[in-house]
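Starting from the given sequences, assemble the full structure and let the hints guide the process.
The chain contents come next:
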Amino acid sequence: MFWRLLNLDRKVIFLLVLAAAGIPLFFPLNIGIKPSQPVKNIYNFIEKLSPGKNILISFDYGPSTRIECAPMAAAVMRQAFRRGLRVVGLTIWPEGAALASDLLKRVGKECGKEYGRDYLDLGYKPGNEMAILALSKGIQTICPRDAAGTPIEEFPILSGIRTLRDFDLILSFSGGFPGLTDWITIAQAQCHRPVAGGCTAVIASQLYPYINSGQLLGLMGGLKGAAEYETLIGQPEEACLAMDAQGVTHFLIAGLILLSNLVFFATRKKKKRSGGA
Amino acid sequence: MDLSQSQMAWFNLDKLNNFIGIFLFTALIAWFIFHARHRSLFIRKIAGLSAIDEAVGRATEMGRPVLYVPGLQDVDNIQTLAALSILGHVAEKTAEYETPLLCPCCRSVVMSTAQEVVRESYIRVGKADDFVRDNIRYLSDDQFGYVAGVDGLMIREKPAAIFFMGPFYAESLILAETGHSTGAIQIAGTAEASQLPFFVAACDYTLIGEELYAASACLSRDPVQVGSLKGQDAGKAIILGAILLSCLLITLSQIFGWSGLEETIRAVFRT
Amino acid sequence: MKRQLPIFITFIAGITMIIQFFLPRLEHATVPPLGDLFLNWFLIIFAFAYILGGASLVVVNFSKIAKSAPGWGYNAVLLVGLFGTLAAGLFGGINEGSLFRYIFNYVFTPLSATMFALLAFFIASAAFRAFKAKTMEATLLLIAALIVMIGQVPLGQALWSHLPFLKGISLNILIDDWIMNGFNAAGQRAIILGASLGLISMSLKILLGIERSYLGGD
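Protein chains in written order, with our numbering: chain A, 29 to 305; chain B, -7 to 263; chain C, 89 to 306.
Hints were generated in silico from the structure; no laboratory data involved.
Which bits of chain C does chain A cover? Going by a derived footprint, with three or more residues having C-beta under 8 Å, they are:
#1 125 to 131
#2 201 to 210
#3 230 to 237
#4 243 to 249
#5 273 to 283
In silico DSSO-like links for lysine-lysine, alpha-carbon gap of 30 Å or less:
#6 LYS228(B) <-> LYS37(B)
#7 LYS220(C) <-> LYS298(A)
#8 LYS81(A) <-> LYS141(A)
#9 LYS7(B) <-> LYS165(A)
#10 LYS299(A) <-> LYS220(C)
#11 LYS39(A) <-> LYS299(A)
#12 LYS299(A) <-> LYS222(C)
#13 LYS68(A) <-> LYS81(A)
#14 LYS37(B) <-> LYS119(B)
#15 LYS165(A) <-> LYS133(A)
#16 LYS68(A) <-> LYS137(A)
#17 LYS119(B) <-> LYS90(C)
#18 LYS76(A) <-> LYS165(A)
#19 LYS133(A) <-> LYS68(A)
#20 LYS81(A) <-> LYS62(A)
#21 LYS81(A) <-> LYS165(A)
#22 LYS152(C) <-> LYS119(B)
#23 LYS150(B) <-> LYS220(C)
#24 LYS220(C) <-> LYS297(A)
#25 LYS300(A) <-> LYS220(C)
#26 LYS37(B) <-> LYS220(C)
#27 LYS39(A) <-> LYS298(A)
#28 LYS152(C) <-> LYS150(B)
#29 LYS133(A) <-> LYS76(A)
#30 LYS150(B) <-> LYS119(B)
#31 LYS298(A) <-> LYS222(C)
#32 LYS150(B) <-> LYS39(A)
#33 LYS7(B) <-> LYS228(B)
#34 LYS297(A) <-> LYS222(C)
#35 LYS76(A) <-> LYS62(A)
#36 LYS300(A) <-> LYS222(C)
#37 LYS220(C) <-> LYS39(A)
#38 LYS119(B) <-> LYS155(C)
#39 LYS39(A) <-> LYS222(C)
#40 LYS150(B) <-> LYS155(C)
Note that CB positions come from ideal geometry on N, CA and C, so glycine has one too.
Shown next, in the form of structure tokens:
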């Protein structure tokens, strides 16, 4: 029996994961979410910004990481619009352009904001970190038009904004490279602008040194970070809904790890008793 | 920044600490390269590199190809360059043993460069005729499109040895698990800290962080490469010393109230 | 010349970018500033790399179809997808409601999301197979992983607060202060520092023409 457990077919594990992730979506547990300090840092900073201030959001994710990054971006935008802040969006991921555009329009419409006056979509900027460097020198050079092709001079939102230095907060929601670390390297280290953002859970752990050193104002790590932010703004949406599924799946994986270790030690003990290697 | 010439400084003093650091580091590397040309410098063995021979030999015995995945970024990424450098050595081994080498690339420029690197390796070993250009192919720029292609390649071709070298992201575990399911020996190397745990869990050998950059020096034993590697190590030792000294001094300044000292140290390390 | 010219261009471009970082007045001696010029050139070349990528894709897949190589049908599907999407974007636009956006939203997005979702299954099977406490280091890793996995989700936090022997230990302090900001940050910092030094060294070697692998062999 131990041998069978030790060599459990992957398909059984896959079915268990499917059940763990799927069932809570139909039968939610509705457990409260406690926001962590790195997430609260972003929320508190935006709450202190006065109406009319400008924030730049970079939607650095694609369809694969949309599920983690989009809820964070949406939650931040809702708070920003509620505070009367002006939001300029762009992306340095080619597949992020359509996603950024859809999200900006959806949240902007939901909050009753006007395109060009309250928010703007600058579209995709090629060049990865070089695009960020170009933005630090002059937005006009790299973004002469918005995503729809309209010259940016026609938009009142960009009056007084020439470079990254003119933004009061820069946020990047990143699904990988290029992303938050590049914004820290250029926007924070060279332009001395406050930088915050969110990322997929898998890369969140490597951004903690930047929080400790003060280079990153705050961080939303993965779907949990998004759920915490939705809780802070008082508008639980898809991230909060998905946390139950994530929680049960985590418990399943922890259980599988414990099971495999129990079986491992049991078989090792059995081998020692029978005089095996 | 709208600065007139008369207002602009010749030297940006805010970056003085960076300048001193880079100058010092460059001097260290230059010094060690000079020394490496005149005497042998010690480099410890890296397990993953020692296993390259074993991996290629295993593939030859089993009559199955070697699969080399050079990461998901372009040639402007330093990890990709390090991966291409290791590819040259792996290609020499596969040329010697007449084992097919498959190298799917995520960027077209990486494909062109990889083809040249492998071709040069085959020529160096005297097996120019065995070089098959089509074995080094471009799959897709898209992350998961590329992963789907590589997974398909693994399942169809069933390589006996798989190398994952370069920049990897979320797809690392998908690649490593699929490779494991084919029974191949897997050697991985990446400087992406977030992906290292997945490679360590799923692969037989892993080059961690800068071991990827050191690989080129370790494999070639070229004095310039070895010298620059030793220079890096010396730089690390200096940073380690600086961290320890700063921690001690700041602790003492907190205890004895030496605020001037604390401010000076913070100014030295300010970015 | 085939190798000297790229090395020379690399050196000049690299030195210019370094100069513009440290010597702003020297950098602005030319009009337009050389650093800005090179940056703009890079952005243009970067965009053209997509064309090169597309051309390579077409050549590689078309030659497989022409030779009727095994699995050539998949190559044909790829080319149909490539040209179809390209045509949809060029002739129908890429705005909301266009065919291109329809393909992106209902074909590309679900496919990408599905591939990423596979990770959940693979993590579970890899964890079951590989996370065994064979050594002291592996045991410590296991304990930290279990605490973070359970403690980072609301379900785990709720259960933790109900367990009598764990109630006294603050999960936030354990995870945030000790594990994430303590051990994790220290380890990540070390890897970042080491990798950054490797990056600087490699960059210097490329700038000075010592490292030439990007040119294709020695």
